[in-house]
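Protein sequences appear in the order of chains A and B. Each step along the first sequence adds one to the number in numbering that gives the first Met the number 0, with nothing skipped, and position 15 is 14. Each step along the second sequence adds one to the number in numbering that gives the first Met the number 0, with nothing skipped, and position 131 is 130.
Hints listed in this document are in silico derivations from the structure and should not be mistaken for laboratory results. The beta carbon of each residue, even a glycine, is placed where N, CA and C say it ideally should be. Among the hints, erroneous ones may be present.
Here chain A is said to cover these stretches of chain B; the calculated rule only asks that three of the stretch's residues, wherever they fall, bring their Cβ under 8 Å from a Cβ of chain A [what the hints assert, rightly or not]:
1. 63-70
2. 87-99
3. 141-147
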Amino acid sequence: MNLSILFDPLFATPLAVGLGLSLLLPVLGALLRLRDEWLAALGLAHLAGASGLIGMAVGLPVVLGAPLGALIGAAAKNSGRLTGNTVYALMILLGWCVTLLVAANTPLGAVMGHALIDGQLYLAGAGHLAAVVALLVLALVALPYLIPHVVRARLQPSFEAANRLPSWRWHLGFDLLAALGIAVGAAAVGVMAAFALAFVPPWVAFRISGSWRQCLLISAAVALIAYLVAFAAALLLDQPFGPVLVAVLLLTAFALKLAKR
Amino acid sequence: MSGALIRAEDLEVGYAQPVVGPLSFTVLPGEVVGLAGPNGSGKSTVLKALANHVRVFAGNMHRRSELTIGWLQQQPLQLPEMPFNGWEYLRYARAADAPPAHLAAWLDQRVDSLSGGQFQLLNVWAVLSSVAELLLLDEPTNNLDVEGEQSLANTLKQLEQRRGVLLVSHDRAFLERVCDRVLEVGG
Numbered sequence: 000m001n002l003s004i005l006f007d008p009l010f011a012t013p014l015a016v017g018l019g020l021s022l023l024l025p026v027l028g029a030l031l032r033l034r035d036e037w038l039a040a041l042g043l044a045h046l047a048g049a050s051g052l053i054g055m056a057v058g059l060p061v062v063l064g065a066p067l068g069a070l071i072g073a074a075a076k077n078s079g080r081l082t083g084n085t086v087y088a089l090m091i092l093l094g095w096c097v098t099l100l101v102a103a104n105t106p107l108g109a110v111m112g113h114a115l116i117d118g119q120l121y122l123a124g125a126g127h128l129a130a131v132v133a134l135l136v137l138a139l140v141a142l143p144y145l146i147p148h149v150v151r152a153r154l155q156p157s158f159e160a161a162n163r164l165p166s167w168r169w170h171l172g173f174d175l176l177a178a179l180g181i182a183v184g185a186a187a188v189g190v191m192a193a194f195a196l197a198f199v200p201p202w203v204a205f206r207i208s209g210s211w212r213q214c215l216l217i218s219a220a221v222a223l224i225a226y227l228v229a230f231a232a233a234l235l236l237d238q239p240f241g242p243v244l245v246a247v248l249l250l251t252a253f254a255l256k257l258a259k260r
Numbered sequence: 000m001s002g003a004l005i006r007a008e009d010l011e012v013g014y015a016q017p018v019v020g021p022l023s024f025t026v027l028p029g030e031v032v033g034l035a036g037p038n039g040s041g042k043s044t045v046l047k048a049l050a051n052h053v054r055v056f057a058g059n060m061h062r063r064s065e066l067t068i069g070w071l072q073q074q075p076l077q078l079p080e081m082p083f084n085g086w087e088y089l090r091y092a093r094a095a096d097a098p099p100a101h102l103a104a105w106l107d108q109r110v111d112s113l114s115g116g117q118f119q120l121l122n123v124w125a126v127l128s129s130v131a132e133l134l135l136l137d138e139p140t141n142n143l144d145v146e147g148e149q150s151l152a153n154t155l156k157q158l159e160q161r162r163g164v165l166l167v168s169h170d171r172a173f174l175e176r177v178c179d180r181v182l183e184v185g186g
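Can you build the whole structure from these sequences, using the hints too?
So, in structure tokens, the structure goes:
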């Protein structure tokens with residue numbers, strides 16, 4: 000086993016891309032879980048995968064094409080009558096069939112379709128890093144405004160209507176941020192790995208934390224540790240990154256649940 | 000009655016069809032107004048109408064400009080998972096005042112581990128200590144023990160003069176104890 004590969008400058012950019020995502024996606028996932036919309040992460044990731052492939056067909060890089068589909072999905076959810084996990088289930092089905100059809104009918108699509116599903120973090124480049132940095136800056140600016148509104152809307156849903164507040168602003172704002180985060184995640188680490196980063200850490204944290212603050216910290220910490228372990232393990236064992244990350248996240252989750260008992 | 004927080008005139012409200020009304024009433028600053036009536040008479044529906052949650056079929060409702068409303072629902076929402084302690088819950092509800100000692104004693108706990116009475120008291124306090132001017136309280140004594148009920152009565156008696164309360168309760172004795180006047184609904 001060649002440990003020096005972990006410190007190869009070639010992997011510095013992919014490492015930084017994944018670090019940024021493993022900090023942000025669990026926080027977005029915690030808010031989605033609070034809204035009982037945890038399936039959003041998978042729905043948006045599938046849409047992002049499909050639009051990433053379609054974008055490539057017209058010459059757009061995946062990191063630009065993927066967010067387009069997810070953003071359109073989030074906007075459509077806000078303007079339509081469908082709510083909650085129903086709309087995200089429809090996104091999964093739509094994204095899945097489009098991805099496979101595009102992949103089956105274009106030469107590059109087959110390769111990229113596999114890359115999006117499996118997760119090819121080690122191929123992440125400057126474009127991915129720029130997208131993640133922009134996403135983190137956007138989240139740092141937007142979340143302090145969005146979180147109190149999103150949480151209050153969930154805990155006291157009657158308040159907004161009673162006071163005739165323009166609640167669409169923060170609901171749409173959060174949906175778009177979540178869509179962007181999941182889409183950039185799907186483009187960088189793959190559809191299922193992005194979903195796992197947004198789903199598994201909050202799933203554990205909701206059970207074991209004593210407060211919301213703890214919940215967000217535990218979510219981010221679980222994701223960060225699992226990511227670092229998976230990054231090293233996939234490189235050293237020459238395994239695809241996405242499935243390794245999902246496996247480490249699941250093992251971490253079960254270990255923490257057992258420890259809590 | 001230009002100083003009224005809210006004024007209803009011949010109000011008929013309901014869901015697919017009207018279930019209560021016509022009703023006329025006002026709530027002035029500094030007033031605690033009770034709504035009494037038999038089960039199913041539409042007391043809670045009146046509060047829902049004031050909070051824009053049901054249809055208004057007839058009549059008028061005038062809210063004071065920029066009026067803020069705090070609404071304690073008959074059954075405050077309890078999610079299956081609520082990873083918030085009591086302090087955080089109050090902060091997100093924008094509770095402005097420090098909670099009384101008997102409440103503060105268990106605010107470090109997660110709210111989904113509280114008893115029904117504790118959760119009710121937490122929600123009552125979240126509404127009472129908010130900055131809202133008109134408080135809609137729907138069966139606030141549900142699940143409360145004697146101490147909790149007394150604490151609620153004391154708080155209502157010391158209400159700031161800028162605020163008003165419309166209170167629904169099945170407990171006639173409680174209404175007569177804390178309200179400046181009681182309106183009959185239905186029956």
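Going through the hints against the structure:
For the region 63-70 of chain B, the stated coverage by chain A holds: 4 residues have a C-beta nearer than 8 Å to a C-beta of that chain, and at least 3 were required. Requiring three or more residues with a Cβ within less than 8 Å of a Cβ of chain A, the coverage given for the region 87-99 of chain B holds, as 5 such residues are present. For the region 141-147 of chain B, the stated coverage by chain A is violated: 0 residues have a C-beta nearer than 8 Å to a C-beta of that chain, whereas at least 3 were required.
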